[in-house]
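Novice: Those sequence lines, one after another, are chains X and A.
For the first sequence, this note's numbering begins at 4 and goes up steadily by one.
For the second sequence, this note's numbering begins at 4 and goes up steadily by one.
Everything labelled a hint here was simulated from the structure, so no lab data went into it.
Check before you lean on any hint, since a few could be wrong.
Each pair may be met inside one copy or between any two copies, as identical chains are not told apart.
[Stated by the list, open to error] Below, in silico cross-link-like pairs of lysine-lysine (DSSO-like), each with a Cα-Cα straight-line distance of 27 angstroms or less:
#1 Lys152 to Lys49
#2 Lys340 to Lys302
#3 Lys61 to Lys152
#4 Lys324 to Lys216
#5 Lys291 to Lys61
#6 Lys29 to Lys335
Quick caveat, the model's predicted, so the values are computed rather than measured.
There are 2 protein chains.
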Amino acid sequence: MIRLCLTLSIALLAGCATQQGGLAIKDMGSFHVGGREVTLSGLPVKEVLFTAGGVPAKLDPNGVYQVEQMYVQYFVPSQQRGKLPLLMWHGGGLTGVTYETKPDGGEGWVNFFIKQGWTVYNSDAVERGRSGWAMYPEITKTEPVFLTKENPFERFRIGAGANSYSKDVSKMKPLPGNQFPLEGYDNFTKQVVPRWTSTDAPIIAAYTALVDKVCPCIVLAHSQGGPFAYRVAQARPDKVKALVLVEPAGVGDAANVSALKNIPSVSIYGDYVETDSRWPTIRANNMKFQDAIRAAGGKADLINLPAMGIKGNSHMMMMDKNSGDIAAVIQKWLEGKGLVQ
Amino acid sequence: MIRLCLTLSIALLAGCATQQGGLAIKDMGSFHVGGREVTLSGLPVKEVLFTAGGVPAKLDPNGVYQVEQMYVQYFVPSQQRGKLPLLMWHGGGLTGVTYETKPDGGEGWVNFFIKQGWTVYNSDAVERGRSGWAMYPEITKTEPVFLTKENPFERFRIGAGANSYSKDVSKMKPLPGNQFPLEGYDNFTKQVVPRWTSTDAPIIAAYTALVDKVCPCIVLAHSQGGPFAYRVAQARPDKVKALVLVEPAGVGDAANVSALKNIPSVSIYGDYVETDSRWPTIRANNMKFQDAIRAAGGKADLINLPAMGIKGNSHMMMMDKNSGDIAAVIQKWLEGKGLVQ
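Please put together the full structure from these sequences, using the hints given.
Specialist: Right under this line is the structure:
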């Protein structure tokens, strides 16, 4: 073992001399957290052939189901510089893949923050991705929402309004100067998963269970993850030590703003907000919520990227061509809050 | 950068001196592969409130959907010893989580094989996990299957027959000497995802697209992944260089066995097969298929773990307490085939 270690260390040293990159990881793995059991009864027994050419098995759908658990993958760097773990929470209709390799093949924020020495927990919200989803309407009472390929192109401030999407990249009509890599858009649509709009409560419960398991921590949340991050921080103000909110799609509980007074937060917005049909209101709601946090004695920073010269960013800024610049802004903010060793 | 590298190398060396473990990773990331577009029309436009307190958005469900793509996560170790990448394909109702951390918290096969110097590609089959799933019955024509908590306990040869499952671990009735960690069973049920039984063709198409992208390679497949591995190897005999089949739930195309004559394979079975209602037939079918491969001039090895003294293994042997022993059996087989540098 010692010999292997020596070899590895020398190999790492040699690798470092010739190229950057590489991730020295002390530990990595995954787990599911939270969820509950639901019992169904009165349903007919089925015979199911699980595999063509296999042997049929009886499947009794009556019984106890495990539902509303959440999948989390984690990476612990060998050289830790972040003082606390960094939890990454994705937006609606997506999974933790949001923060992995970018749709154009570039390195995502998971790798960026591991390389900066952060222990990273990247999760799939309840009913998304590796968290699985529950039978409906028997358990989840409503239907899921599916997105067409063109829907996020307009809604995520990549395309210039109605009919800006085209399957042919050369015919796409992006917002002027947009940083989303158009040639990666098709790959991005492969990351989109079905999602419900009625599952806020179980999602918040699972994130709270995660915080109870692995925090104190910092939560970095995108879009739909933003209001979840606010609410979980309000429920666990002793465990969530900072919030990085990337274009949060909503705010926290206005009746309990004082719970956030000791949790520094930063809200970050990309470009084209003013010209969008929805984002001026969504951002204004958060600015009002930030005012309330400040009035309660808390600290809430606002970063409008275009105002600091970082232009052209879509709602999916962690996938934009200049995603590394924005990660660096976040890293600098975290350093400024004394969260880096 | 050089200073950071030196520090990292010294830290790794220091870490090695005190403990085993750690993963020196040159690169890691993820991508989606395969899939197709489907156009839906004639459906009513909805107004959807994606986030409570947000701003409603119109959602037109008519349009083009991306479906049947497959998610793949990869890890490239700094010190590569495997001559080819190792692709891990999971079984039915599960995802790539199968090979990650075990339900009892122990290290899974992804980490094991990375530490042995293999580049690992771990995927979620079409319509499972981070691959997403398509609208049904509009796109996928049939309904998915959901498993109760007790179903895999009997069917995966953990429990001793009917009514062997209990929510109370102390009241579970495992098969005598069973190696599945009972205290981890509840976590295991959190890994189970809905699955269809009508999606073999798109799953095989996506695995074939993966093989076209990253192979030549070795495929390690479990249960439902087994017949997929056989069929993809038959479709790409020049790219799949070896097959490790862990309790394959089916076989390949009997009309095209000669395509497998240059692809060494090993089929591995755990304990209790003889006393199960379905596994004697499933194994016998594969043994017959192996005979056909041999008759065509190919090599097909069979490992019955109990016969070599490794006893008590369930269908989920990569999660069993002695999963490392079985990984070592696989590693030894791969070394014997000259696939390790």
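Novice: Are the hints correct? Go through all of them and say.
Specialist: Now for the hints, and whether the structure bears them out:
no. : hint             : in the structure
1   : Lys152 to Lys49  : between (35 angstroms within a copy, 16 angstroms between copies)
2   : Lys340 to Lys302 : within (11 angstroms within a copy, 62 angstroms between copies)
3   : Lys61 to Lys152  : between (38 angstroms within a copy, 15 angstroms between copies)
4   : Lys324 to Lys216 : between (35 angstroms within a copy, 24 angstroms between copies)
5   : Lys291 to Lys61  : between (56 angstroms within a copy, 25 angstroms between copies)
6   : Lys29 to Lys335  : both (24 angstroms within a copy, 26 angstroms between copies)
Violated hints for the displayed structure: none, as all numbered hints are satisfied.
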